[in-house]
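Protein chains: 2
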Amino acid sequence: MENGTIKRKIALTGDRPTGKMHLGHYVGSFKNRVKMQDDYDQFILVADVQALTDNADNPAKIRANILETTIDNIACGVDPHKNTFFIQSMVPEIADLTIYFLNLVTVSRLIRNPTVKDEVNQKGYGQNIPAGFMCYPVSQAADILCVKACVVPAGEDQLPMIEQTNEIVDKFNALYTATFPRVKAIVPRIAARLSGTDGKSKMGKSTGNAIFLADSSKVLAEKVMNMYTDPAHIHATDPGHIEGNVVFEYLDVFDNDPKGLGELKEKYKAGGVGDVVIKKRLIEVLENEIGPIRRNREELAQNSDQILKILKEGTERACNISAKTLRDVKTAMQINYF
Amino acid sequence: MENGTIKRKIALTGDRPTGKMHLGHYVGSFKNRVKMQDDYDQFILVADVQALTDNADNPAKIRANILETTIDNIACGVDPHKNTFFIQSMVPEIADLTIYFLNLVTVSRLIRNPTVKDEVNQKGYGQNIPAGFMCYPVSQAADILCVKACVVPAGEDQLPMIEQTNEIVDKFNALYTATFPRVKAIVPRIAARLSGTDGKSKMGKSTGNAIFLADSSKVLAEKVMNMYTDPAHIHATDPGHIEGNVVFEYLDVFDNDPKGLGELKEKYKAGGVGDVVIKKRLIEVLENEIGPIRRNREELAQNSDQILKILKEGTERACNISAKTLRDVKTAMQINYF
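Protein sequences appear in the order of chains D and H. So for the first sequence, numbering that gives the first Met the number 0 puts the first residue at 0; every next one is plus one. So for the second sequence, numbering that gives the first Met the number 0 puts the first residue at 0; every next one is plus one.
Worth flagging that the hints you see were computed from the coordinates, not collected in a lab. There could be a bad hint or two in this list.
Footprint (simulated), chain D over chain H, 3 or more residues, beta carbon under 8 Å [as the list claims (entries may be wrong)]:
| # | region |
| --- | --- |
| 1 | 83–95 |
| 2 | 127–133 |
| 3 | 143–149 |
| 4 | 306–314 |
| 5 | 327–334 |
Yeah, the Cβ is synthetic: ideal placement off N, Cα and C, and Gly gets one too.
The task is simple: from the sequences and hints, build the whole structure.
Rendered as structure tokens:
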């Protein structure tokens, strides 16, 4: 995993195994992982414990998606030889570290966390926030620090979580012995958030507006044909709008021919290009991008033993590093008795 | 540890290693442990992780008291051959189980817990409650259930904690597969709470009103001579009050001659018995009870390697049982992947 004698910086990223991965994950995360995998010693967490914080009543869903999530990553080019895939629940040190970190954070600080606040509202928990859900910024700090990661790719909306991690780092280092480095968030420059096919909100696993990496050519084409464009653009001859038009948003992200795309946009705005034309172009563009991933997925799914082996070996590596971290932590806290 | 073929019920009890143990612990806990040790497979938790929830800034104090707490127990007759002493921080499964249990409890339920509420007020946390402190009823459920204890000796003020544990048991069993038995609290019949020597509040580790098991004869005698009696009883000839008189409260608990004590009380009430007389009687009674414990303590303190061995072996046993519990839990939750 190490590149000769040069020790690469450790980065941590991960996925909640709660459902199939979609184009939003592909552009927002997977492509960035592929970009980072040569420069960083990248750990990819399969966050089953975190997924359980709001799916405690449906562990079967989590179980089913452990393999799927890993397959999605690898199919997109996240190389298991360059990255360490590991399963959160199988690294008990993360729980251990979470418990110590919980003493360094106040309840009111957790409730104020903007990311948690937003998600509590989204999920409609009201007064019934599961304690585990409220504590997950602390678990997340433990995920990161257990493997001593110092770089975390994160969307803008995740920055408060990194801030919370660094508050814990500072508190721990001040109270005991300096043990952890501060963590740096890297906000990927690639398109941050992809809209859903309905144009109403961002693409979501369970919001019915996603194009999944596992979708067949037929399903992909159907979803594009039903995509939200410009409601005022009724006849091909009508002038059309580009802004808020999901087809053009996707073409901007995926089309490798910016000149051709620019010309198409001009024609569409002037009137004379039907929605079917732009949708067919998008189907072709997406099929070029997703087709190989789909074929990779199918092949990988045939070899689930191989995927399990990758997860097992990665988890072992994460456990070894985490065990050392916990020894350091307990020494710093003076609770290493024998 | 097992008595022939009869499997004893598992009981869990424990101490926070935050300071020297005193007479209140002796009558409230240790004597009860000695009574229970033949009938139960009793686990005695050295609760260092819990102690850290409100002592995160002073781990050295916790460390120093790990051995002391164990010595106090054994010196009082809690037999290491009949009981399993173990250190909380060295059983990582407790943290693991705590994390899963946190998903089964809401934040508002934790904040409403009467024991936590009282302690938050006592400690003057205001809005700055450490998250670990708020979560400790959940950790406590994990302590109990990790070793599959079904009996917990508890003071009246600890009953809400057992209720919380049983709510978690019910939720877990309903959501996944029935895995845990409900837990029964046993409220010891022995004197529940001993007043402090100042008569103002119950005896406390750090409230300056305790007689410690480690106190020398001289210190013991001094503390009794300064004890709160009856402020209206100025001359030996004055009639005295028994109620609220700490010397008589202690004599009621420790004096083995109820007839002689009854006569003394009558004389004291009538007038004609000085405080020095009753205090000298108490000194003798306490010295008879504590003297042997003090000598045991001194001897045990010489053999700290032996104490460490007891803790190490007990911790190994607790780890083995807990590892099995966690395997059962993960099977029930379907998160046993390989």
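Q.
I'd like to know which numbered hints this structure contradicts. Please list them from smallest to largest.
A. 3
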